[in-house]
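Engineer: Sequence:
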Amino acid sequence: MKKATHLLLVFLACLTLVTACNMPRPVFPPDSKPATATPAPTEYPYEQCGWNWATEPLPELSAQVQAALESAGLTGVTAVAEAYGENCITASGEVARFAAMETDFRITVQAASLDDREALGTLLEKILVVLDGFPTETTPGPNPGYVGVTFQFGDDSLRLWFPIIDGESARALGLRGAALLDRLQNP
Numbered sequence: 402m403k404k405a406t407h408l409l410l411v412f413l414a415c416l417t418l419v420t421a422c423n424m425p426r427p428v429f430p431p432d433s434k435p436a437t438a439t440p441a442p443t444e445y446p447y448e449q450c451g452w453n454w455a456t457e458p459l460p461e462l463s464a465q466v467q468a469a470l471e472s473a474g475l476t477g478v479t480a481v482a483e484a485y486g487e488n489c490i491t492a493s494g495e496v497a498r499f500a501a502m503e504t505d506f507r508i509t510v511q512a513a514s515l516d517d518r519e520a521l522g523t524l525l526e527k528i529l530v531v532l533d534g535f536p537t538e539t540t541p542g543p544n545p546g547y548v549g550v551t552f553q554f555g556d557d558s559l560r561l562w563f564p565i566i567d568g569e570s571a572r573a574l575g576l577r578g579a580a581l582l583d584r585l586q587n588p
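Here the working numbering runs 401 ahead of the position in the sequence shown, where the first position is 1.
I should point out that these hints are in silico values taken from the structure, not numbers from a laboratory.
Simulated DEER-style distance windows between Cβ atoms:
{"#": "1", "residue 1": "Asp516", "residue 2": "Gln449", "range": "51 to 59 Å"}
{"#": "2", "residue 1": "Cys450", "residue 2": "Gln553", "range": "36 to 44 Å"}
{"#": "3", "residue 1": "Gln511", "residue 2": "Thr456", "range": "22 to 30 Å"}
Predicted, not measured: the structure shown is a model, and the values here were computed from it. By construction, the Cβ of each residue, glycine as well, lies at the ideal position given by its N, Cα and C atoms.
Could you put together the complete structure from these sequences and hints?
Structural biologist: Have a look at this one:
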């Protein structure tokens, strides 16, 4: 029994030494400084909104598109660009802010005739080439928008409304003239 007690004491002494030598150490190397706490992010007050679909005119972009159409030799053509998105309506009924989702282009063309579909398609292609100069990344909103083209002749009109990407893909397929007009008139 004396021998067992002696062995137990030696074992406990060794265990104490091992534990004492293995004290917790910092996880970072001794020559580096501990990381400082990052400041809490600035909080902005969130105002409750009732979201309502809306458009906002883009007069500067409209002027740029108009100038580009004229530079391309297109006469009798007017352009309007507008952002489409949502208004944040506060509890007091006021608009707090506008969140743009896309930019839409509305083009009006004074046409010589609505019967010459080949000529209308050629005009449409020229308009789309000009609008290529205003890609989604450079206009308000993260999404590609729509193009509205109205060909007018007297009291008659031909109206097109299609996603910008449909115009791009139709031209990528090699469609021109009347074929382009047909594709975008009936997407």
